[in-house]
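Chemist: Place chain B on chain A using the hints.
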Amino acid sequence: MIPSAFTFYKPDNIEKAVSLMSDFGDEARVIAGGHSLIPVMKQRLTDIKHLIDLSGINEIKGIDITGNQISIGAMTTQVELINNEELFKKAPIIREASLQIADPQVRNLGTIGGNVANGDPANDMPGLMQLLDATYKLSGKNGVREVKARDFYEGAYFTARDDDEILISISFEVPSGGYAYEKQKRKIGDYATAAAGVIIRVENNKCSSASIALTNLSDTPVYCDKAVEIIVGKEIDNDLLDQVTKACVDQSDPVADQRGPVEFKKYVAGIVIKKALNRAIERS
Amino acid sequence: MEKINVSMKVNGKEESLTVEPRTLLVHALREHLEYTGAHIGCSSSHCGACTIDMNGKSVKSCTVFAPQAEGAEILTVEGIGSPDKLHALQEMFKEHHGLQCGYCTPGMIMRSYRFLQENPNPTEEEVRFGISGNLCRCTGYQNIVKSIMAAASKIRDEANVEKKEIA
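Respectively, the protein sequence lines represent chains A and B.
My numbering applies: residue 23 is where the first sequence begins, and numbers increase by one.
My numbering applies: residue 4 is where the second sequence begins, and numbers increase by one.
Only chain B is shown next, with the shape it has when bound in the complex:
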């Protein structure tokens, strides 16, 4: 089958690749572009381990064909922090034991990353509804929710400090 070119911006960097149209976005990211942050769990759009940000929305990258992402802005877990400067969510997942085996974590973090922009001051119930498309098979939801609540508060505090500094 004929291959086609696909270009997208991943974590701020222009990328292009030549793939069969049937290539799933998660495979394009992991195998062709070597962004292995998004995980493949169920490959049937249930578990959310492959969640990434596409054009400012959380999507399950196992249920998008690579050519559907032509021209898209993609953000993976590699793009939100670095080992010496973790994102507030990464830091709080670490502090509050928000992961056990860690397999669902990149999906949980990427979904929470977008969710906290949609709702910066959520209730615990809203967090649970917001991450309802992500499964943790260790069933570590209590600490995941705690971590997200703590990150929400940290992000709000940082924003307040910034506002004060500007004033």
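Isolated chain A (complex conformation):
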């Protein structure tokens, strides 16, 4: 499988990359790890005339942890997220989720920026970033602006990013409480049939704060605000967790595909949500 022809650029700073994006508009695409983009280029599902490789831009790589704030450059790879001990100490859910993405070779090249900016509902990082209430920084011809992860996704492959903009970093506050990212997939390397992330604080068996998000259960990630409303302030028991799980499943809107019909996906969603809730509560 050979993609259609394109011109290749490798700018060494973000201004040059943004200027190429402004010049070429929707005929240009940036490439990070390429493991979502190259497969669709090979299948000729997208026609890209100008390909802009971001790997030469050092300013958008790496992990910075200052006080309570974590900032991750868009070109940071999944294996770098997994191996960073400081990040693991502050936000262990990132390692837990990253290890469930694709396979070792793909994680060596796949980046957090590509994963969140692509807008593929099957990607794990968008749901995880909604869970963490992360903020995305986008650089475009009119300067830099910030968009919340919870406002970024509009539909499958449609996001708040303008054609001339490039995602440069992702930041969020150090999360506190128990955590879990639970993913059901048919095999290693597959996307989720259903996945759920939970972060929860429990004091004297009472939930003081919670965040829940779902992956590949709608055409965007799903932030389960209704379920969060139900659980916060309540005594934790099994009935409450069943109610919370149901509220999450009710907010999901999966489509039938090779991973199964809608009823099956909602059933699997219920299982991963409940498992994630239980594991997060155990760890809180």
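It is worth saying that the hints were derived from the structure and are not from the lab.
Keep in mind it's a predicted model, so treat the numbers as computed, not measured.
All residues carry an ideal CB built from backbone N, CA and C; glycine is no exception.
Heads up, some of the hints might be wrong.
As the list claims (entries may be wrong) - The calculated PhoX-like cross-link candidates involving lysine-lysine, where the alpha carbons are at most 20 Å apart (straight line), are: (1) A/Lys-248 x A/Lys-228; (2) B/Lys-6 x A/Lys-64; (3) B/Lys-6 x A/Lys-32; (4) A/Lys-256 x A/Lys-228.
Said to hold, decoys possible - The calculated label-pair distances, taken between Cβ atoms and stated as ranges, are: (5) A/Asp-184 x B/Gln-145: 50 to 56 Å; (6) A/Asp-212 x B/Lys-60: 19 to 25 Å; (7) A/Arg-305 x B/Ser-10: 46 to 52 Å; (8) A/Arg-208 x B/Ser-156: 30 to 36 Å.
Modeler: Only chain B this time, still in chain A's reference frame:
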């Protein structure tokens, strides 16, 4: 479409080639530079038959464009041993019947080569997770895992002997 020059170091040798930017790294290696060790299986980054080492990391060379490898240090299966001096992994794959049809073998060996540097003393489970990006359609995983475990132990023994000799 205009062609561009790409230079890289393959198995220690400086190489340069002129290709269309859309040329995949695996095609550049196999067809332009004649390193046919990396195989093309699925061409969709699932099977791992095209796995090579790029700048010290295992990557699937069917999902990298040749110009993305500009300046890179590449290692293919041709670069880790020779017919009269096999690498420990090659020797152990031979001894433990770690291959049947052999198609996935260069990818399995190159992934294991890097994996054993990341984790020189793995458990069987860690080996399985480490090679989870490589598929064997003969489903010969039992012996592949055995071969990698045996190679890990051989590499550790050799390292110990070297240490003793130096001391």
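Chemist: Going straight from one Cα to the other, do B/Lys-6 and A/Lys-64 come out at no more than 20 Å?
Modeler: OK: B/Lys-6 and A/Lys-64 at ~19 Å, within 20 Å.
Chemist: So does A/Asp-212 sit 19 to 25 Å from B/Lys-60, Cβ to Cβ?
Modeler: The hinted range 19 to 25 Å holds for A/Asp-212 and B/Lys-60, with Cβ atoms some 22 Å apart.
Chemist: Can the restraint linking B/Lys-6 and A/Lys-32 be considered satisfied, given a maximum Cα separation of 20 Å?
Modeler: holds, 15 Å
Chemist: Check whether the Cα positions of A/Lys-248 and A/Lys-228 lie no farther apart than 20 Å.
Modeler: holds, 18 Å
Chemist: So does A/Asp-184 sit 50 to 56 Å from B/Gln-145, Cβ to Cβ?
Modeler: holds, 52 Å
Chemist: Just to be sure I understand the hint, the distance between the Cβ atoms of A/Arg-208 and B/Ser-156 should be within 30 to 36 Å; is that true here?
Modeler: holds, 34 Å
Chemist: Hey, A/Lys-256 versus A/Lys-228, does the alpha-carbon distance stay inside 20 Å?
Modeler: Distance of about 5 Å is within 20 Å: holds.
Chemist: Holds or violated: the 46 to 52 Å window for the beta-carbon distance between A/Arg-305 and B/Ser-10?
Modeler: This hint holds: roughly 49 Å between Cβ atoms.
Every hint from the earlier list agrees with this structure, and none is contradicted.
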